[in-house]
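Engineer: Chains as they are written, first to last, in numbering that gives the first Met the number 0: chain A, 0 to 401; chain B, 0 to 401.
If you are wondering where the hints come from, they were derived from the structure by calculation, not from laboratory data. Predicted model, so just to flag it, every value in this text is computed and none were measured. Among the hints, a few may not be true.
The list treats identical chains as interchangeable, and a pair is accepted whether it falls inside one copy or across any two copies.
To be verified - Derived DSS-like pairs: lysine-lysine, alpha-carbon spacing no greater than 30 Å straight-line:
| # | residue 1 | residue 2 |
| --- | --- | --- |
| 1 | Lys176 | Lys299 |
| 2 | Lys148 | Lys22 |
| 3 | Lys385 | Lys216 |
| 4 | Lys3 | Lys315 |
| 5 | Lys216 | Lys22 |
| 6 | Lys57 | Lys112 |
| 7 | Lys86 | Lys38 |
| 8 | Lys315 | Lys24 |
| 9 | Lys112 | Lys390 |
| 10 | Lys22 | Lys211 |
| 11 | Lys24 | Lys211 |
| 12 | Lys112 | Lys315 |
| 13 | Lys315 | Lys115 |
| 14 | Lys299 | Lys91 |
| 15 | Lys390 | Lys22 |
| 16 | Lys54 | Lys315 |
| 17 | Lys315 | Lys211 |
| 18 | Lys254 | Lys24 |
| 19 | Lys57 | Lys385 |
| 20 | Lys148 | Lys24 |
| 21 | Lys390 | Lys91 |
Protein chains: 2
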Amino acid sequence: MSAKFAVLGHGVVGSGVVELFYKNKNSIENRAGTEMDIKYILDLRDFPDSPYKDKFTKNFDDILNDDEVTAVAECMGGVEPAFTFIKALLEKGKSVSTSNKELVAEKGDILLKTAKDNNCNFFFEASVGGAIPIIRPLHRCLAANNIYKTAGILNGTTNFILTKMYNDNMPFDEALKLAQELGYAEKDPTADVEGHDACRKICIISSLVFGKHVYPKSVYTKGISEIQLCDVSSADILGYAIKLVAEVKRNNNGKILPVVMPMLVPHENIMSGVSDVFNAVLVYGDGIDQTMFYGRGAGKLPTASAVLGDVIEAVKHNVTVFSQSWDSAEDDSFIDSVENFSARWYFRTSSDHTPSTGISDTYDVHEDGTEYAFVTYEVLTFAQAKNISEKINALAFFPVLD
Amino acid sequence: MSAKFAVLGHGVVGSGVVELFYKNKNSIENRAGTEMDIKYILDLRDFPDSPYKDKFTKNFDDILNDDEVTAVAECMGGVEPAFTFIKALLEKGKSVSTSNKELVAEKGDILLKTAKDNNCNFFFEASVGGAIPIIRPLHRCLAANNIYKTAGILNGTTNFILTKMYNDNMPFDEALKLAQELGYAEKDPTADVEGHDACRKICIISSLVFGKHVYPKSVYTKGISEIQLCDVSSADILGYAIKLVAEVKRNNNGKILPVVMPMLVPHENIMSGVSDVFNAVLVYGDGIDQTMFYGRGAGKLPTASAVLGDVIEAVKHNVTVFSQSWDSAEDDSFIDSVENFSARWYFRTSSDHTPSTGISDTYDVHEDGTEYAFVTYEVLTFAQAKNISEKINALAFFPVLD
Chain A
0 MSAKFAVLGH
10 GVVGSGVVEL
20 FYKNKNSIEN
30 RAGTEMDIKY
40 ILDLRDFPDS
50 PYKDKFTKNF
60 DDILNDDEVT
70 AVAECMGGVE
80 PAFTFIKALL
90 EKGKSVSTSN
100 KELVAEKGDI
110 LLKTAKDNNC
120 NFFFEASVGG
130 AIPIIRPLHR
140 CLAANNIYKT
150 AGILNGTTNF
160 ILTKMYNDNM
170 PFDEALKLAQ
180 ELGYAEKDPT
190 ADVEGHDACR
200 KICIISSLVF
210 GKHVYPKSVY
220 TKGISEIQLC
230 DVSSADILGY
240 AIKLVAEVKR
250 NNNGKILPVV
260 MPMLVPHENI
270 MSGVSDVFNA
280 VLVYGDGIDQ
290 TMFYGRGAGK
300 LPTASAVLGD
310 VIEAVKHNVT
320 VFSQSWDSAE
330 DDSFIDSVEN
340 FSARWYFRTS
350 SDHTPSTGIS
360 DTYDVHEDGT
370 EYAFVTYEVL
380 TFAQAKNISE
390 KINALAFFPV
400 LD
Chain B
0 MSAKFAVLGH
10 GVVGSGVVEL
20 FYKNKNSIEN
30 RAGTEMDIKY
40 ILDLRDFPDS
50 PYKDKFTKNF
60 DDILNDDEVT
70 AVAECMGGVE
80 PAFTFIKALL
90 EKGKSVSTSN
100 KELVAEKGDI
110 LLKTAKDNNC
120 NFFFEASVGG
130 AIPIIRPLHR
140 CLAANNIYKT
150 AGILNGTTNF
160 ILTKMYNDNM
170 PFDEALKLAQ
180 ELGYAEKDPT
190 ADVEGHDACR
200 KICIISSLVF
210 GKHVYPKSVY
220 TKGISEIQLC
230 DVSSADILGY
240 AIKLVAEVKR
250 NNNGKILPVV
260 MPMLVPHENI
270 MSGVSDVFNA
280 VLVYGDGIDQ
290 TMFYGRGAGK
300 LPTASAVLGD
310 VIEAVKHNVT
320 VFSQSWDSAE
330 DDSFIDSVEN
340 FSARWYFRTS
350 SDHTPSTGIS
360 DTYDVHEDGT
370 EYAFVTYEVL
380 TFAQAKNISE
390 KINALAFFPV
400 LD
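Using the sequences and the accompanying hints, generate a full structural model.
Structural biologist: Written as structure tokens, this is what we have:
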């Protein structure tokens, strides 16, 4: 018996899936326990020089209606037509693996239900953290845990920019330009720089860990475009690296609180050493204490590795893996208000901060010319921190990762 | 239907399995897709005050002969009687999950074959890296990769000692004493300090990644007892942290080379920030480039979390997971000689090293009173490095992690 699969899209990730599959075909077949081959590659463009040119089709129905195709790798990106295609495939009982974080964050619940109803699988390991195995470990390896928090560096572009600001004292604009030159950032870098990409990924993690679909619009999201070099250097002197952190935790009121914000990560925290385009996710559970997963969050072969790992799983499993799933959410009342977000806080101000802040004590103060930067001892809510920020005319304020 | 399992041993790990299971029973049953309960706890001691005292038995046959028990967590440690018990359980078709690295390193191939022959599973996620999911990611999530190298900090005791030497300038003997006081090191610390514990773990990883059983006796193993404070500080000045690294790679001659040695880890390498009792494993593959798994390598609940994660998997799978397996090795001809181990090297010597070393150039030199410490630019084999070490009367020499 030979398992046949199809690849939707022959862009960066899709061509990576084809390349990696044929490179490691023998060992992949050993791990899958069956012969495997790619039967179709869907793309509207022509690839006359491809060694696999006979496999190309422009017609999605060729794949949909071929009973021999039991698994599909979706590497097109965007919500449509990916959503329509995947839903149709799942309804035919074909398992789908995707790297499409936008789609999973917007429509994951619907596609997971469709997969369950048709006894097949909708897998999306590649949608968070690229090459990093995080989805499967979260619901399988850590299944014995009550996971109460995850915190991650989930966007490589912003981490590259922040690393340049930290290591080379390069201003934000210049670092962004370099990221664009190196192909790490898009011409329109909004989705990365303003945190929307990280937001989609924390939505997926939140949905999986807490069991209900979290939509991007429910998540407070702040990017890195306002971070100044003086914040990066003051934070460093105070003992922290500034990172764009996507976090979700269960609060004491039982609600969950996902956020994307620049945060100060203590130098002692392993995550402060995650540099350049690398991503990492820290997971906190009552059994494990904390565990971190680290690796390349994007790129052709890293993402292809995750998609293909899922295809191999899909070939091995002929029933739905029900632990990798979540329910639709009727509303977002299970999500806490960001006003309740609690942390110690970093403030930078040009006025003398000590009087009138209402802060009983501060952790450490760095004075730089006419400016002060300090981190509070006290844990304050976002609402309280905003209030203080106004009182002292703060030029910047960020939470400290706990 | 309710799945019943048994726990062998009620020491630190075994009691942790019982505690964590009842703490998270509801969510565990959701993830397993079935009701679950512990039917037996095997221990020769009495636990009259345990809330689960009715489940205790001193008779292994109670478990072996109870058809209702389909999965077993082995938390006794040591090769015997664990091996005899587990083999008998697997022959009855009961899946077994273990944290027993000594057993897996010595007898893993036999038990994996027994499991396969009886269509059940022998799982051992907890045997390497405690709470860290590493075994399942290696053979499932990274299944599309040709993994050519892994390098890990696999022993928490030695990492704690090296962290104290690095952070607090504490001599080895004093740091070891502190580790013993804190319960991180045994009264007889040989297995940890001389690298035997890390060796067992790299045997398990090597066997899984490369498919043939690697025995501890085939692995060159050097511990940390000879590391001096001056090496730690010179390495730091040169840009490195000294860590006990357990590594395996496939050499160009097709053989694999597992070793356990103190190595210099560059400060830029994320693994240099793995401190205290934490463990980490870096995995290198042709798709992923590199990915790291980090967390607590030992302890009651972290280890219990991994054992219990495997029990949940065993309950979900009623067939052998054949990708998590390896073959017996007839001999160790597939293992390369340590003489061929290649790296850049750190040397410390009291003589002027520049003449007569045969080294064309050195990377950087730190001069401390009458001693010199330097790292070579050139990659040298272990055989060459030993030769140079003799020529210059080196007081210490260690490889640099690549």
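Engineer: Taking the hints in turn, state whether each one holds.
Structural biologist: Okay, the hints, checked on the actual structure:
no.	hint	in the structure
1	Lys176 to Lys299	within (22 Å within a copy, 49 Å between copies)
2	Lys148 to Lys22	between (38 Å within a copy, 18 Å between copies)
3	Lys385 to Lys216	within (22 Å within a copy, 62 Å between copies)
4	Lys3 to Lys315	both (12 Å within a copy, 26 Å between copies)
5	Lys216 to Lys22	neither (40 Å within a copy, 34 Å between copies)
6	Lys57 to Lys112	within (28 Å within a copy, 47 Å between copies)
7	Lys86 to Lys38	within (20 Å within a copy, 43 Å between copies)
8	Lys315 to Lys24	both (15 Å within a copy, 28 Å between copies)
9	Lys112 to Lys390	neither (49 Å within a copy, 70 Å between copies)
10	Lys22 to Lys211	between (38 Å within a copy, 22 Å between copies)
11	Lys24 to Lys211	between (37 Å within a copy, 20 Å between copies)
12	Lys112 to Lys315	both (20 Å within a copy, 20 Å between copies)
13	Lys315 to Lys115	both (16 Å within a copy, 16 Å between copies)
14	Lys299 to Lys91	within (29 Å within a copy, 46 Å between copies)
15	Lys390 to Lys22	neither (61 Å within a copy, 45 Å between copies)
16	Lys54 to Lys315	within (23 Å within a copy, 37 Å between copies)
17	Lys315 to Lys211	both (27 Å within a copy, 23 Å between copies)
18	Lys254 to Lys24	between (45 Å within a copy, 21 Å between copies)
19	Lys57 to Lys385	neither (54 Å within a copy, 62 Å between copies)
20	Lys148 to Lys24	between (38 Å within a copy, 19 Å between copies)
21	Lys390 to Lys91	neither (60 Å within a copy, 72 Å between copies)
Of the hints listed earlier, those the structure fails to meet are numbers 5, 9, 15, 19 and 21, in rising order.
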